[in-house]
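Q: For the protein sequence lines, the chains are A and B, in the order given. Sequence positions in the first sequence follow this note's numbering and run 1 to 197. Sequence positions in the second sequence follow this note's numbering and run 1 to 105.
A hint or two may mislead.
As the list claims (entries may be wrong) - The calculated lysine-lysine pairs, modelled on DSBU-like cross-linking and capped at a C-alpha distance of 35 Å, are:
hint	chain 1	residue 1	chain 2	residue 2
1	B	K5	A	K90
2	A	K166	B	K5
3	B	K99	A	K141
4	B	K99	A	K57
5	A	K57	B	K41
6	A	K50	A	K86
7	A	K90	A	K62
8	A	K50	B	K36
9	B	K99	A	K62
As the list claims (entries may be wrong) - Listed next, the stretches of chain B that the computed footprint assigns to chain A, with coverage defined by at least 3 CB atoms under 8 Å from CB atoms of chain A:
hint	segment
10	23-37
11	74-84
I should point out that these hints are in silico values taken from the structure, not numbers from a laboratory. Yeah, the Cβ is synthetic: ideal placement off N, Cα and C, and Gly gets one too.
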Amino acid sequence: MTMVIISCLLIGIFSGYFLGMPLNGLTDYVITFCLLILLFSVGIDLGSNKESFRDIKNNGLKLFIVPIGTILGTAIGCIGTSLILKMPLKESLAVGAGFGWYSLSGVLIAQMYSVELGMVAFLSNVIREIIALISIPFISKRVGALEAIGIAGATAMDTLLPVIVKSNTPDVVIYSFVSGVFLTLLVPILVPVILSL
Amino acid sequence: MNILKFISHNSMYFYIAFMLFGALVGYHEKVPVSIKRHNAKLQTLCLIVLILTIGFEIGSNGEVLLALRAIGLKAAVISLLSVLGTVLCINITIGVFSKKGMKNS
């Protein structure tokens, strides 16, 4: 899937580069329309997962250590970035709030803020997923399972779930899933809120 | 076109509302079978159109192409520091919780 997305991005960039901007204005409507359908459809997926809601009831607050830690840790990393690169804090926080969901955060930021920051978000969250893919086996062994789940961010519920399960005992699946669902729900809320600050 | 304009100018509220509405519908199992069966395909299709469109905007925007190096640097630093921060935060929280747990027991 990642390959499909990256090749679509490249096709888009090339056609935009060579065709110029005759579609300008229309793209905004296309993006809004597709995002609405996509978010509705993702919402259906999230809502249909009743097991995760039941798990939250049974296991309580312990399950939220991972997503809350991920949010705080990501925020700290973004504050550090804005200090090091002298980047507006709002911008780095908005990029970080993608939690690895690169397709959505890139598109959201490109539409609501600037195409340039959207590109940063896309790349940054792709890199987060690659770091997660490489480091989860190592972190699971040397540091801990919950830390490894945090790295995966929103993708802990789908793309990276198999990697997490393979490097840990099966009982961490609940943690991974709930953290992924919670962060996935937060991305379309946090990103626009941060951008409107 | 006016409705579309209104929606895309206030898109943030509509995005949040649509996802929560979807979650509600999904939770109460009110989703038509035809949509539920093709949900994954629908997501892929939307994603492809979105990425193509964003790619088009990037390609036709000369400034972004010129700023690619700066963009790459920002992206790399944000993701690296975020991952580090996340590992540290969760690690510290677990430490605090397990100490509390010991005191209680």
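Q: Could you run down the list of hints and mark each one as holding or not?
A: Here is what the structure says about each hint:
1. K5(B) with K90(A): holds (26 Å)
2. K166(A) with K5(B): Not OK: K166(A) and K5(B) at ~47 Å, beyond 35 Å, violated.
3. K99(B) with K141(A): Status holds; Cα separation ~22 Å.
4. K99(B) with K57(A): holds (24 Å)
5. K57(A) with K41(B): Given pair K57(A), K41(B) holds - Cα atoms ~31 Å apart, limit 35 Å.
6. K50(A) with K86(A): Given pair K50(A), K86(A) is violated - Cα atoms ~44 Å apart, limit 35 Å.
7. K90(A) with K62(A): Holds, at roughly 30 Å.
8. K50(A) with K36(B): With a Cα-Cα distance of about 15 Å, the restraint between K50(A) and K36(B) holds, given a limit of 35 Å.
9. K99(B) with K62(A): holds (14 Å)
10. 23-37: holds (count 10)
11. 74-84: Since three or more residues must qualify, the claim that chain A covers the segment 74-84 of chain B holds, with 11 doing so at under 8 Å.
The structure shown violates the earlier hints numbered 2, 6.
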